[in-house]
Amino acid sequence: MKKKSIPAYFGKAILYICLIIWAILCLFPIYWLFTFSLKNNTEIFGGNIVGLPQVYRWSNYSNALLNGKVGIYLLNSIIVTAMTILFTVLASTMATFAMQRMRWKLSKVAMSILLVGMMIPIHAALLPVFVVMRNLKLINTIWSLIIPYTGFAIPMGIMIISGILDGIPRELDESACIDGCSIYRLFFSIILPLLRPAIATCAIFTFLQSWNELMMAVTFISKDEAKTLTVGIQSMAGQYLTEWGPIGAALMVATIPTLLLYFMLSSQVQKSLVAGAVKG
Amino acid sequence: MNKVLSNKKAIVFFMLPAVLFFLLVILMPVLMSFYYSTLNWDGMGSGTFIGFQNYKKLFVGNVDNFPLSVRNSFLFLLASVFIQIPISLLLAIILSNGVKGENFFRNVYFVPVVLSTVVIGQLWMKIYHPDYGLLNTFLRSIGLSSWAHGWLGDQNTALIATFIPTLWQYTGYHMLLLYAAIKSINPEIFEAAKIDGANRTKIAFRVTIPMILPMLEVSLIFSVIGSLKVFDLVYVLTNGGPAQASEVPSTLMVRTIFMGYQYGYGSAMAVFIIAECVLFTFVVRKIFRALQRD
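Chains as they are written, first to last, in my numbering: chain V, 1 to 280; chain Z, 281 to 574.
Among these hints, one or two may not hold up.
Derived list of chain Z stretches under chain V, where covered just means 3 residues or more per stretch with a C-beta under 8 Å from a C-beta of chain V [claimed, not checked]:
{"hint": "1", "segment": "282-292"}
{"hint": "2", "segment": "407-419"}
{"hint": "3", "segment": "494-505"}
{"hint": "4", "segment": "566-574"}
None of these hints come from the bench; they were simulated from the model. We put the beta carbon where it would ideally sit given N, CA and C, even for glycine.
Turn these sequences into a full structure, and let the hints steer you where they fit.
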């Protein structure tokens, strides 16, 4: 081992200080959000902006969940996200299987057309989808979100799933066929279970996109009973302009599921976002 | 077996859901956007065809400051490319070089990426609050009270105040992309460079960066497109204000359509944003093809 010189140690110290400062910048706002979600305005505006609360006001949370309708928003977010993930996973695994494994003339063309969808920004669909949903009387229902979210998630889903499906040997299809397995059984009981890791990646990717989407959510939904967390909190913030406690609690309610998911599955979450980029 | 794998009915069954969603949500809307953009239409009835008048209105004798919003999105773009990407790259190189707590730092830096933009926006609104916000409290505590003001309400600082949370939110994502790319480089290459006597800076510029060019390209395309279509944080923080100081094309588009009921004109903005994204993707690709040939 080479002995390290003093400047080298010094450099290392500066390096770690920078890394730690950036880490604090990343975490401190969340800590701060958590503390003010437990305070009332008197405490916050009375000079205790940064410190831990003197009294832990968990009532902010029950207020937000019950009076502020955050409970309904949370439920809507969960339904919208779950349905979007379900439809996306089903539609993209089925289509990928048909395009990559089954034999038909236009399979490659279909694949490239579907993948072009990844390049289209959601802006392009905002007004046309709004008009269609309005004509179908679906505005202000969660379907006006589930359908476009699914549509925009499918191209990425196909991309992620095709990568993994490629690694599953085709001999599997052949031996299943020889054994007299139908195409539907081959897909649903043999291929689908093998695709689990790809499905997890696709589900996480879709979760983050639909849980956090804002543009369509704020333009398509104005009735409380169909609002998701993003649009619900955005409109709540307008009403509770000066009440920091309940709005902080609502923000925490929207954040906790994503943070939990992230801390449980951080490597999988990171993998899924990198997978999305590598293919893009 | 061929018979099973080319079962027409099964192909239709498997393809149908994806194709329906694609047609309904992506292909048809894009075509409809082009069509709407040629109409003078307030959303009621059927509108009248006016050719490219709406596009002309975006830039010739414009009255709603669309060119300013485009300029603002370009400032976002420049800041992303010249501030955000270099910071991300630096963090990625440092972390992948093996520091203590590598995984901890990587996971922490990524936390803002998974938060919802509404949460981040509301949080930063509180940080910027003129009286009780974190930023002004901090400035006052270090004796810079004269700097403290309403950052989002001031025309001079609104744009930069909306940019900083964007930077904060996505730096971790770009860092992760570049980190993953560096980690996939064969370690023997670094060993060889070290044996040849290259120092850290030299390794970074001569080995690491050239080898992760493909991922750097992806990262740049994401940040360029992200800047051109930026909506969420601007909408939450300022909605383009004050006096359009932080206006971007998307916020103006949404207002034009849903509050101004100018469906045709708003669609021209949408088409403009799509065209920008496609064009800039193409430009970044061209630049990187040239770089990689060297």
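Do the hints match the structure? See the list:
Restraint check on the segment 282-292 of chain Z versus chain V: 8 residues with Cβ-Cβ distances below 8 Å, three needed, restraint holds. With a threshold of 8 Å between beta carbons, the proposed coverage of the segment 407-419 of chain Z by chain V holds, since 5 of its residues qualify and at least three are required. For the segment 494-505 of chain Z, the proposed coverage by chain V is satisfied: 6 residues have a C-beta within less than 8 Å of a C-beta in that chain, meeting the threshold of three. Judged by the Cβ-Cβ criterion of 8 Å, the segment 566-574 of chain Z is not covered by chain V as claimed, because only 0 of its residues qualify and three are needed.
Hint violations for this structure: number 4 only, all remaining hints satisfied.
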